[in-house]
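Turn these sequences into a full structure, and let the hints steer you where they fit.
So you can see what is in the structure, the chains are spelled out below.
Number of protein chains: 2
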Amino acid sequence: MNEFDRIREQVEAGFPRYLDHLMQVCAIPSVSTVGLGLTDMTDWLESRLKELGASVSRLSVPGSPEALLGEIAGIGPRTLMIYDHYDVQPVDPLNLWITPPFQPDVRDGRIFARGAADNKGDLMARLSALEVYQDLYGDFPFNLKFFIEGEEESGSIHFERICQEFSEQLKADDCVWEGGWFDLDGHPEMYFGCKGLLYIELHCKRLSGDQHSSVAVYAPSAAWDLLRAVASLKDEVGNICIDGFHDRIVAPGPREQELLDSMPFNEKAQLERLGTTEFAQGLHGPELKRAVLYSPTANIAGFETGYTVPGGQKTVLPAEAMAKVDFRLVPDQDGTEIAGLVRAHLKRHGFGHIEVRVLSHENPSRSPLDSALGKAAEAAAKRWFPKPMTIYPYMWATGPMFPIAQGLAIPICSPPGVGRPDSNLHAPNEHIWLKDYQDIIGYTVAYLREYGRV
Amino acid sequence: MNEFDRIREQVEAGFPRYLDHLMQVCAIPSVSTVGLGLTDMTDWLESRLKELGASVSRLSVPGSPEALLGEIAGIGPRTLMIYDHYDVQPVDPLNLWITPPFQPDVRDGRIFARGAADNKGDLMARLSALEVYQDLYGDFPFNLKFFIEGEEESGSIHFERICQEFSEQLKADDCVWEGGWFDLDGHPEMYFGCKGLLYIELHCKRLSGDQHSSVAVYAPSAAWDLLRAVASLKDEVGNICIDGFHDRIVAPGPREQELLDSMPFNEKAQLERLGTTEFAQGLHGPELKRAVLYSPTANIAGFETGYTVPGGQKTVLPAEAMAKVDFRLVPDQDGTEIAGLVRAHLKRHGFGHIEVRVLSHENPSRSPLDSALGKAAEAAAKRWFPKPMTIYPYMWATGPMFPIAQGLAIPICSPPGVGRPDSNLHAPNEHIWLKDYQDIIGYTVAYLREYGRV
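As they're listed, the protein sequences go chains P and S. Residue numbers for the first sequence follow the numbering used here, so the first one is 1 and each next one is one higher. Residue numbers for the second sequence follow the numbering used here, so the first one is 1 and each next one is one higher.
It is worth saying that the hints were derived from the structure and are not from the lab. There may be inaccurate statements among the hints.
Pairs involving identical chains hold if they fit within one copy or between any two copies, as the list cannot separate such chains.
[What the hints assert, rightly or not] List time: in silico SDA-like cross-link candidates among lysine to any residue, alpha-carbon distance up to 25 Å:
no. : residue 1 : residue 2
1   : Lys-268   : Phe-385
2   : Lys-205   : Ala-231
3   : Lys-347   : Asn-239
4   : Lys-205   : Pro-310
5   : Lys-205   : Asn-95
6   : Lys-205   : Pro-428
7   : Lys-234   : Arg-343
8   : Lys-205   : Ser-232
9   : Lys-435   : Met-23
10  : Lys-205   : Gln-281
11  : Lys-205   : Ala-291
12  : Lys-205   : His-284
13  : Lys-171   : Pro-411
14  : Lys-347   : Val-237
15  : Lys-205   : Gln-270
The structure is reproduced here in structure tokens:
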């Protein structure tokens, strides 16, 4: 029996237990945005890490939820960090969930629950993989640091300070990041960096209270102001037109361009998944692929003013309006700087009275494409997966890589994980396939084994 | 004792009872938008009308709430209709109410409750006035038709059909409309018409479901589309720029211009009330006064998309967005025509995919300024109120006058009522002054007496 078959067999034997673990953690409503169930999660994880022989520390700074650091001493000099997060996104709109988000439901070969894909699936796959590894091979040939934070879904506001505060304890040679994906055609994906995120809330208040809409003839409208202010962030064809916004954007280098050229992007399948017939701004072909990785975005995540009951007819002139805009940033844009540019833009366009609250910002991040971990994950993937893996210099989503990759100078790599494009991340009916969960447990064992050899 | 002192004395004697009646009806949550408590209201009113000797009919057409018609035969050939409505606006935002909207609270000489000003205060003042009149003078020297509808606050959708269906029963020579106001300086106000209202909901859907905001680089955004579409309804200085929108607007005639010139408008007090330092579009002076009566509006009554919990950070690209826009129309704009112009505008600007749902439309209305009722109300006001009355060709708010004034050709006049500009109509903490309620009961008796004489 070859090595991979042995791994597969061992994973299969333990799978009912690993699935049960995933069901257990998915039942804990650890929504960091509203501070729910976080202690239940850390307690569960601490006990599981200790089962695996780890010594566990709880790392925090004032105001932060606790991050867990589980350390397992190995027999080599090298140290591998594994990063995941135990918090999940909010669940609205709740009415669109087929089964309740925190009552994990197995159906059609899948497990449906908030967090199943992002990121409890990867987290539990990796914890399971550590057990399989120990059962098969005993001690690790490197030291392991399992680092699990609790506010990734609310912008990792304190994560950078935690990394700074505990920099000695967090030293490592490589870092496994939360999982990559499978694309729509089943190709596994691996990432070495990520886009940044600046999340702002815009508040406009023009009157001391809501008014009868008959005074709209002379009363200033916060709704119109904020609508026009947000609309002004893009030009007529949809390009972001904030002065200075694009100044620091780095074009792809030769190796990145090579990866970009070979990067698959199934336009037809994506359009079908989205339920639309064309991409924004008419993007397609190489231009679209380049935009996916190298274009920043400005997204309206929410907007609310006045009376919003569908079909209802309240004739009100609202005193206030609120918008949420998230910007995905690309190297080397800087979140703090962009927030300043947004403020300057609004002022210049006559919207200086609109308040810009920065809820969070995370800078974009890149790591070397030839790290030891990257090579191990790539080598294992070549033999583990039936389809070739796609390597991305960075992913189009965001994670708090910057404090690790740049702040602690630990190269990051994000090997394939349990998610697929239709996993409904951040949306109702989030789910993963049971077979993917099982497969990724095995693949994780495979690349840990490989990493021990390089 | 002169006639007015006798009226005042009689009103004072019965006032505890009349106040109790108002408290009772304000405790009934008759929100027509959501169909609450409407039957409780009609039952209460039917019994009260019968107490006053009226025969009561319930008028309805398929889908409508019941309108009440209380008929009291008098001893003259002329027939006076009194129109009011028993439904009220929704109560959101509920958290801003100091006391619950449907638990009427008397404090600081005022009564706070949803509907206290709009329109239960006037309705109850008039019912009370009928009793006072009968106690003082016996039978009315004219026939009375008290016509009370139940969906004024949701656009009187079926009112025109009710008026058509029961046109014979609704015949009258004059119609008292729901009350006018006192202005900020205490001048009573009287109206002979009103602006129209077109209330639309705009719906935009671009994706089959909400998406993770990282795909904003290529996924079409309903939020951006709808934001830009609504913003396009006005130009940069705030003028409505829908082609054809202004075509039918009639300029003030000589008598109207005269009224406009003498119309008081306390700019300083209005700004203070609104909690702002300048009017929209820099309006002031004669231009502002003319705009109040002769300018249509486009007001954003509500806008909602995506995740809207303040401070929360859901990175979502919403699949759908919804806006509510209400247009106040001036003679001779037509609601149906304007809805068509809005659709054409959106199509022309590339927003043909946005659905326009007309929730309701009421056409603007005018009546002759020299009707018998108008003269009676004016004559009584001159002697009743300490400050001179302002006469407006029409009011800047909207009521379903068109089916009565134009449809049934009954001249309408809206004599002073219980509301003041700070009564918080359609807003939290709606209220009226007890002394205004008492005063308007008496004034109503006075002009009914006057109307019996002309």
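Hints, verified against the model:
1. For a Cα distance limit of 25 Å, the shortest separation of Lys-268 from Phe-385 inside one copy, 24 Å, qualifies, whereas the shortest one across copies, 74 Å, does not.
2. With identical chains, the CA atoms of Lys-205 and Ala-231 are at most 25 Å apart both within one copy (17 Å) and between copies (18 Å).
3. Taking CA atoms no more than 25 Å apart as the test, Lys-347 paired with Asn-239 passes in both settings, with 19 Å inside one copy and 22 Å between copies.
4. For the homomeric pair Lys-205 and Pro-310, the shortest alpha-carbon distances inside one copy (24 Å) and between copies (14 Å) are both at most 25 Å.
5. For the identical chains of this complex, Lys-205 and Asn-95 are inter-copy neighbours only, at 17 Å across copies versus 31 Å inside a copy, given an alpha-carbon limit of 25 Å.
6. When the C-alpha separation of Lys-205 and Pro-428 is checked against a cutoff of 25 Å, the pair qualifies only between copies, where the shortest distance is 17 Å, while the shortest distance within a copy is 32 Å.
7. Taking the closest pair of Cα atoms, Lys-234 and Arg-343 come within 25 Å of each other both inside a single copy (15 Å) and across two copies (24 Å).
8. When the C-alpha separation of Lys-205 and Ser-232 is checked against a cutoff of 25 Å, the pair qualifies both within a copy, at 18 Å, and between copies, at 21 Å.
9. Within a single copy, Lys-435 and Met-23 get their C-alpha atoms as close as 15 Å, which meets the 25 Å cut-off; across copies the closest is 65 Å, which misses it.
10. In this homomeric assembly, Lys-205 and Gln-281 come within 25 Å of each other (Cα to Cα) only across copies, at 17 Å, whereas the closest approach inside a single copy is 32 Å.
11. With identical chains, the CA atoms of Lys-205 and Ala-291 are at most 25 Å apart between copies only, with a shortest distance of 23 Å across copies and 36 Å within one.
12. Only between protomers do Lys-205 and His-284 lie at most 25 Å apart by alpha-carbon distance; the minimum there is 22 Å, versus 40 Å within a single protomer.
13. Within a single copy, Lys-171 and Pro-411 get their C-alpha atoms as close as 11 Å, which meets the 25 Å cut-off; across copies the closest is 86 Å, which misses it.
14. Proximity of Lys-347 to Val-237 under the C-alpha cut-off of 25 Å is found in both arrangements, the shortest distances being 22 Å within a copy and 16 Å between copies.
15. For the identical chains of this complex, Lys-205 and Gln-270 are inter-copy neighbours only, at 17 Å across copies versus 40 Å inside a copy, given an alpha-carbon limit of 25 Å.
Violated hints are absent here; each numbered hint is respected by the structure.
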